[in-house]
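Chemist: Each chain is listed here by its residues.
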Amino acid sequence: MRQFEYKRAENTRGAVHAHAGQASAYLAGGTTLIDLVKLDIMQPERLVDVNRLDLADIEHSDGGTLKIGAMVRNTTLAYDQTVQTDYSVLSEALLQGASRQLRNRATTGGNVMQRVRCSYFRDGVSPCNKREPGSGCSAIDGHNREVFAVLGTSEHCIAVHPSDMCVAMAAIGATVHLASADSERAVDFLDFHRLPGDTPHIEHDLKDDELITHITLDAPIKGAGSTYIKLRDRSSYQFALASCAAIVALDGDTIREARIALGGVGTKPWRCKQAEAALQGASATDESFKQAAQIAMEGATPYKHNAFKIPLARKAIVRALRDAAERARRSAGEPT
Amino acid sequence: MMDSNDTPVDVRLSLRVNGQMRQLDVPPNVVLLDALRDRLGLTGTKKGCDHGQCGACTVLVNGEAINSCLALAVVHDGDDITTVEGLAGEADLSPLQAAFLEHDAYQCGYCTPGQLMSATELLSNRKVGTTDAEVAEAMSGNICRCGAYKNILSAIQETRQQHAGAAID
Ligand SMILES: Cc1cc2nc3c(=O)[nH]c(=O)nc-3n(C[C@H](O)[C@H](O)[C@H](O)COP(=O)(O)OP(=O)(O)OC[C@H]3O[C@@H](n4cnc5c(N)ncnc54)[C@H](O)[C@@H]3O)c2cc1C
Ligand code: FES
Ligand code: FES
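Sequence order for the protein chains is A and B.
So for the first sequence, our numbering puts the first residue at 1; every next one is plus one.
So for the second sequence, our numbering puts the first residue at 337; every next one is plus one.
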């Protein structure tokens with residue numbers, strides 16, 4: 001592994017200060033960063049260790065929102081009591097990501113910032129516009145099955161955003177909070193990750209002098225049921241071929257509100273607002289769910305080896321909506 | 337910090353490894369796995385993929401199972417580390433080690449230290465349920481190329497049940 005300088009940050013200000021203006025990377029759980037530094041894909045000259053920052057709390061916040069510190073580990077978040085009851089879709093998504101060992105280290109901030117799993121990006125030699133802007137995309141005419149997208153792709157990059165956690169957050173609705181040395185700002189979660197377009201090397205809205213301090217989840221939808229369905233080549237410790245986070249709230253058998261977000265098929269965590277709109281006021285039947293799935297995948301671009309993802313994603317959507325609706329029905333039947 | 341040749345200087349750190357305080361000086365780019373194996377001579381922990389994809393390097397840090405191949409040693413200054421060498425007592429194997437023997441839970445044995453560490457965390461981890469499916473899922477971060485999964489699972493299940501029984505008494 002290449003050599004780098006190591007700085008342990010004691011507080012947010014110190015972290016931002018040590019990082020800004022350098023060829024530096026923040027080190028959280030290290031499960032993406034150390035992997036990619038070993039492969040020499042990421043080449044920081046300095047690592048700023050943020051593990052001791054006071055950003056590891058999960059707290060209730062204004063208007064029923066939930067504030068999650070950037071250093072909260074994926075395991076901690078998945079088993080948090082509030083997350084398990086009010087945001088079970090998030091707990092399920094986290095527990096289907098990576099392995100127990102990795103989740104014990106992986107952090108909320110690092111998960112949002114994880115890099116693509118494209119083998120051409122990772123091999124360090126193939127043309128790749130993310131790694132070497134302007135060099136071309138080897139995946140478009142190459143092997144493009146597992147971790148390649150059908151939604152949000154461009155002629156410059158087709159790699160999937162691999163996170164499960166982010167798919168659940170996209171469905172729930174969230175805000176990313178960023179701090180620099182002298183200011184703070186908040187970005188809508190759906191605007192944080194960028195589409196590749198003709199600048200696939202720009203992956204997110206974080207500026208060089210900023211740190212993610214926390215993420216707030218929107219207040220849970222009253223009476224809703226939710227679930228995360230992840231389809232993959234092996235049943236655990238594997239990235240999604242297609243996944244769906246669904247949240248459904250009912251008035252009797254009519255859909256009051258529905259949320260759908262997809263993983264494994266989009267170049268960023270993929271929210272399906274048009275499909276959601278079609279569900280609002282519709283009856284909670286398979287027919288409605290199938291129609292929503294159809295709308296969600298409209299405009300998808302199949303590549304040579306991943307065309308199967310389009311029908312697969314539709315099935316994931318139907319199943320997730322059906323299960324989420326069933327849970328909403330059950331919770332309505334329960335005495336409160 | 338860099339020295340005058342722009343080479344990062346060694347960092348002094350203390351680790352409590354299997355109950356013993358150890359001090360070592362390492363450059364920042366040394367991962368915990370290599371620190372344990374190459375600097376402390378604890379070669380029980382294995383290097384498989386070196387990229388978080390196999391679990392052979394699993395150790396416990398402050399009681400939690402992690403992949404030591406993706407963890408910089410300097411990050412763990414002051415932490416409590418348990419490796420496979422720390423499982424057995426003076427005379428006896430740990431109950432889990434004994435169960436692995438009895439259930440024939442390995443063939444080549446390369447994945448075994450990682451399996452044992454991961455399973456050791458599970459013994460006291462009440463968040464993971466008791467069914468075969470739940471335990472297999474919780475153990476999915478440990479790949480066994482010899483395919484000893486079935487026997488690994490039965491060894492863990494037996495030990496976990498005994499452990500739960502013992503905890504209630
Ligand atoms: C074998 C393997 C399988 C995996 N499988 C899955 C899976 O199935 N599903 C899934 O979702 N994920 C999976 N992952 C990815 C894993 O979830 C991520 O590696 C992890 O979430 C990253 O978090 P971290 O804290 O370790 O980040 P780090 O590796 O420490 O950091 C990642 C990036 O984020 C930056 N960063 C970290 N914290 C901050 C912050 N607060 N502000 C700004 N920037 C920051 C770092 O500088 C770095 O660029 C897998 C990983 C591996 C190795
Ligand atoms: S060597 Fe660490 S996971 Fe394979
Ligand atoms: S026993 Fe050979 S790899 Fe598991």
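Simulated from the structure, these hints should not be mistaken for laboratory data.
Owing to the predicted nature of the structure, the values given are computational and were not obtained by experimental measurement.
Be a bit skeptical, because a hint or two may be false.
[What the hints assert, rightly or not] Derived lysine-lysine pairs resembling DSS-like cross-links, with alpha carbons at most 30 angstroms apart:
hint, chain 1, residue 1, chain 2, residue 2
1, B, 463, B, 383
2, B, 383, A, 67
3, A, 7, A, 38
4, A, 222, A, 304
5, A, 67, A, 38
6, A, 38, B, 486
7, A, 7, B, 463
8, B, 486, A, 222
Chemist: Determine for every hint whether it applies to the structure shown.
Modeler: Verification of the hints:
1. 463(B) x 383(B): Judged against 30 angstroms, a Cα distance of about 28 angstroms means the pair holds.
2. 383(B) x 67(A): 38 angstroms, violated
3. 7(A) x 38(A): 19 angstroms, holds
4. 222(A) x 304(A): Violated: residue 222(A) and residue 304(A) sit about 43 angstroms apart, past 30 angstroms.
5. 67(A) x 38(A): Cα-Cα ~33 angstroms, so violated.
6. 38(A) x 486(B): Cα-Cα ~33 angstroms, so violated.
7. 7(A) x 463(B): Violated. Residue 7(A) to residue 463(B) sits at ~35 angstroms, over the 30 angstroms cutoff.
8. 486(B) x 222(A): Violated, at about 43 angstroms.
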